[in-house]
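There are 2 protein chains.
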Amino acid sequence: MLPFMVRKRSEEPLREREMIEIIQRRLEVMPRMPVPFGDDVSACDLGSGRVAVLKTDMLVDRTDVPKGMSLWQATRKAVVMNVSDFAAKGVQPLALLVSLGMPASVSRKEVEEIADGLNAGAREYGAYVVGGDTGEASDVVISVSVFGVAVKDKLMLRSGARPGDVVAVTGFFGRSSAGLKILLGKFDVEPKIRRGLVESALMPHARLREGLALGKSGAVSASIDSSDGLAWSLHEIARASNVGFLLDMLPVAEEVQEFAKANRLDALDLTLYGGEEYELVVTIKPRLYKKAEEAIAKAGGALIRIGSVTAEKDMVLMTEGKKCVIEPRGYEHFKDIH
Amino acid sequence: MLPFMVRKRSEEPLREREMIEIIQRRLEVMPRMPVPFGDDVSACDLGSGRVAVLKTDMLVDRTDVPKGMSLWQATRKAVVMNVSDFAAKGVQPLALLVSLGMPASVSRKEVEEIADGLNAGAREYGAYVVGGDTGEASDVVISVSVFGVAVKDKLMLRSGARPGDVVAVTGFFGRSSAGLKILLGKFDVEPKIRRGLVESALMPHARLREGLALGKSGAVSASIDSSDGLAWSLHEIARASNVGFLLDMLPVAEEVQEFAKANRLDALDLTLYGGEEYELVVTIKPRLYKKAEEAIAKAGGALIRIGSVTAEKDMVLMTEGKKCVIEPRGYEHFKDIH
Chain A
1 MLPFMVRKRS EEPLREREMI EIIQRRLEVM PRMPVPFGDD VSACDLGSGR VAVLKTDMLV
61 DRTDVPKGMS LWQATRKAVV MNVSDFAAKG VQPLALLVSL GMPASVSRKE VEEIADGLNA
121 GAREYGAYVV GGDTGEASDV VISVSVFGVA VKDKLMLRSG ARPGDVVAVT GFFGRSSAGL
181 KILLGKFDVE PKIRRGLVES ALMPHARLRE GLALGKSGAV SASIDSSDGL AWSLHEIARA
241 SNVGFLLDML PVAEEVQEFA KANRLDALDL TLYGGEEYEL VVTIKPRLYK KAEEAIAKAG
301 GALIRIGSVT AEKDMVLMTE GKKCVIEPRG YEHFKDIH
Chain B
1 MLPFMVRKRS EEPLREREMI EIIQRRLEVM PRMPVPFGDD VSACDLGSGR VAVLKTDMLV
61 DRTDVPKGMS LWQATRKAVV MNVSDFAAKG VQPLALLVSL GMPASVSRKE VEEIADGLNA
121 GAREYGAYVV GGDTGEASDV VISVSVFGVA VKDKLMLRSG ARPGDVVAVT GFFGRSSAGL
181 KILLGKFDVE PKIRRGLVES ALMPHARLRE GLALGKSGAV SASIDSSDGL AWSLHEIARA
241 SNVGFLLDML PVAEEVQEFA KANRLDALDL TLYGGEEYEL VVTIKPRLYK KAEEAIAKAG
301 GALIRIGSVT AEKDMVLMTE GKKCVIEPRG YEHFKDIH
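Protein chains in written order, with the working numbering: chain A, 1 to 338; chain B, 1 to 338.
Just chain A, with the same shape it has in the complex (with noise of 0.2 Å):
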């Protein structure tokens, strides 16, 4: 039996970013808080200008882990979304911890699976789970919370993009969309893209080494990661910036491109509005922009420009010569994943 919540309500049930916001109003304000409320991260002063930085983010199995993902994956995953938005930060993650809700008809093979989840999501980024908790609960419910140290005028934030800065991102968009809706639906798909797409939907990887070259690079004004999908994370730097944005590419990727035309799905829609994607969005001083391709390049990976940064408060797509307007939307949850 639930002790709260248990009666229907008549009322409009809240968003998640309602909920946010009703508790920030809420919340005393740290003193001199490194981070404001509302970006990637939040960090606490460690005097020297350093900064520690803290990060959590909360898996649940029931609206979180669409069918076909294991529990191993999932839990890595749960990992892999915090290491994200360090990624975005320029942050090395160190020290992890988890706290672990689950059903009591858990087996050890179950508890074994969630261990080495967690190990292979922390080690593959160089980070330890160094302590945690558990406890009974209806769901799986992987909350974990990650630790790093930086120089606090090194941080990457959300607000610091001006207008005639180059707009880029780490990767093409639409894989993780378009391997959940496999996964969920019966498309019409090649196996050999099909694998693929499925894989980055199961199997996201962090930007780590990118951010972390960006960070150093010192060129990048303002970074998040795209868990939210494009659109989402362009609005986002936008409001926190108060800039608009001027695409004149769209960054999606060849085999989205062929998914969405195999079954008339629209890639402009996976592209911008999908979730779950894991690469970095970021904003370059043109002088500088050189100087983060080599930087990233060097890391192994690559930058793609996408556009500028305006003045104007407009979010728009110009390619061939049509205009599109970008919506602030995105995904909140899986709400139909199951």
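Since the hints were derived computationally from the structure, they do not count as laboratory data.
C-beta: ideal position from N, C-alpha, C; glycine also.
Just so you know, nobody snuck in bad clues.
Simulated DEER-style distance windows between Cβ atoms: (1) 16/A <-> 16/B: 25 to 33 Å; (2) 248/A <-> 18/B: 54 to 62 Å; (3) 184/A <-> 185/B: 44 to 52 Å; (4) 16/A <-> 199/B: 31 to 39 Å.
Once you have looked at the hints, place chain B on chain A.
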């Protein structure tokens, strides 16, 4: 629908401590980890003799919240139980992150109550909530992570108790257990006593000032909080320090004595094996006992001497000529709180 763990199983359900052991065995251990697995907090080296102190502890309404406790109280308690672990290590909590899982039916008023409970708990102990995450879950899940900074050599671990050390606690025990019993059943209890006992269960307080004072005094050889009960805490220090205990005094609260007598309950049971207590259990070098006492008095608290550390691994209580073995049991969860 839950994607994982929906089947009824034939195996015996795993106990929380078994799960933690399974997980720890499968994790790669951070080299030179400043605090071993299994202590109250985790840590990560910051250089120059300092460590980042990290802790996460999760509250799930279905198993951790007794009837009669409000959502505000439950949320505040989720903070207090984390702060209590910091208190036991002598570390000031600075910043909190919170992962909230809530049913879709949650109302605006309930979210406000949660926010206020978080803020109240944090501010009560000089900390701030600096970030978090929300998601949909079947239960109300409140996972709090705490960050602080400590001088590594000043951390009070579980492992430093030596034969001859004095065992002391920061207050009398049994109030929370008695309060919980009153909340859940029909007991014979005077209104005046009832109020205090129920308050202990609903509004626990972490002994942070006491813990910080003890930490600074340098007199403590081992320390732990008592959220799993006094007996369990003693056994944990014994295990980590490879020692035993001879107690010559049972620190039972006067009201608990009365409550037990009126209801034919065993006061010893309530004192040793009740859970959700937030007193500190410490061992102190004998020649520094006075120093510890003075430090804690200055902080507004008190030390109650209950026995001494022994080289023999037994765990014994000797009062009024009677000898009684203290068993290694305590609350893992409120399995039957509703």
